[in-house]
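Colleague: Note that the sequence shown covers residues 1 to 375 in the working numbering.
Be aware that one or more of the hints could be misleading.
Claimed, not checked - The calculated lysine-lysine pairs, modelled on DSS-like cross-linking and capped at a C-alpha distance of 27 Å, are:
{"#": "1", "residue 1": "K130", "residue 2": "K159"}
{"#": "2", "residue 1": "K298", "residue 2": "K159"}
{"#": "3", "residue 1": "K364", "residue 2": "K298"}
{"#": "4", "residue 1": "K247", "residue 2": "K135"}
{"#": "5", "residue 1": "K130", "residue 2": "K247"}
{"#": "6", "residue 1": "K363", "residue 2": "K244"}
{"#": "7", "residue 1": "K298", "residue 2": "K244"}
{"#": "8", "residue 1": "K135", "residue 2": "K159"}
Worth flagging that the hints you see were computed from the coordinates, not collected in a lab.
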Amino acid sequence: MYDCVSVYCESSEKMEADISLSPRVSSLKPSKTIAITDQATTLVQAGVPVIRLAAGEPDFDTPAVIAEILVSNGAKQSLLQAVLAVCSPGDEVIIPAPFWVSYTEMARLADATPVILPTHISEDFLLDPKILESKLSEKSRLLVIGTPSNPAGTVYPRKLLEQIAQIVAAHPRLLVLSDEIYEIIYAPATHTSFASLPGMWERTLTVNGFLRLLRGACSISQKAAVAALGLVYAGGEAVAAMVKAFKEWQDYLVQTFGELEGVKVSEPVSHSSYYGTEAEGFGLIKDSSSLCRYLLDKAQVFFQGVPFMGNETKVERGLIDGHSSGWIEWPLSQVMHLGMTPASVISYAASLSTIQAATDSIKKAMTALKPEVAA
1 MYDCVSVYCE SSEKMEADIS LSPRVSSLKP SKTIAITDQA TTLVQAGVPV IRLAAGEPDF
61 DTPAVIAEIL VSNGAKQSLL QAVLAVCSPG DEVIIPAPFW VSYTEMARLA DATPVILPTH
121 ISEDFLLDPK ILESKLSEKS RLLVIGTPSN PAGTVYPRKL LEQIAQIVAA HPRLLVLSDE
181 IYEIIYAPAT HTSFASLPGM WERTLTVNGF LRLLRGACSI SQKAAVAALG LVYAGGEAVA
241 AMVKAFKEWQ DYLVQTFGEL EGVKVSEPVS HSSYYGTEAE GFGLIKDSSS LCRYLLDKAQ
301 VFFQGVPFMG NETKVERGLI DGHSSGWIEW PLSQVMHLGM TPASVISYAA SLSTIQAATD
361 SIKKAMTALK PEVAA
């Protein structure tokens, strides 16, 4: 399936928000075709009866709902373009940890500085408004909010988003990039779009879609996406069956890892107490890389490292029994300096038999480590 992504950004007189474009965008010169079209438009607006036969524009006003939608080749493209459009060299992009791999690099590509804010598993990796407020400055240009979060799976409650919105409102230069690609979630959690909060429509660039990865948004895939979206909102047996299965798989994972001594379960799952353990016949489990190699050796579950939290950490992402949709992420213990507990995010986008086989193998291998757990 390919992506169709909507990005919304509209100014309002209610708030004096700085929605100026970056120098790289402002420096672009319009084409000669656009220039003469604009000239004709100016004349029309001044009351001059200009007959327009050049641009091939239908004699109908575009419906408002369509005018607010931009279709791109994926959420990743829209996120990058949003960052490039509003960030100038020297600006700061505020990113709560843990975060999706590309946020920091998008900021750097825009010659902006990523500023990482700590969160903690005990708070379900939710951003503390006090920490946010303490880190804002005149350089703060963009706050990235992902809800539901990738990779933490965190869903921001409306009350917390309202507190964040109040802070944003007090900083005229600060805009919000709301990544809502995972909007469809399970009850009882509910999704709140940041732009829906009072005064935040004009301060928010909302990115949503069907898939994260870049794909070609051809007409066929767009029609398929619209059909899929209609199916989701209409419900029915197919959707109900999938939701029921995913919920059962999620519950199974939470229960299984919750039975492991030394593991804290908060959906994500923390394995920090296993670091520093000496594994017989293997050696010291000092970080996520060594834990990855240990599980490959003892549990036959394969992972490979990918960047995750900048230069400080990485995760091990891989395949379980050949299912590329199943993955486990293990942040390194260095995230402690960010105020975070090393944790794992475990996807259940695989068959129950695959999940059971993987968790049984992991459980046996990790139980053999016999970590010393504080009382």
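Colleague: Each hint should be assessed against the structure and marked as holding or not.
Modeller: Results for each hint:
no. : hint           : in the structure
1   : K130 with K159 : holds, 14 Å
2   : K298 with K159 : violated, 45 Å
3   : K364 with K298 : holds, 9 Å
4   : K247 with K135 : violated, 37 Å
5   : K130 with K247 : violated, 34 Å
6   : K363 with K244 : holds, 25 Å
7   : K298 with K244 : violated, 32 Å
8   : K135 with K159 : holds, 21 Å
Checked against the numbered hints above, the structure breaks hints 2, 4, 5 and 7 and satisfies the rest.
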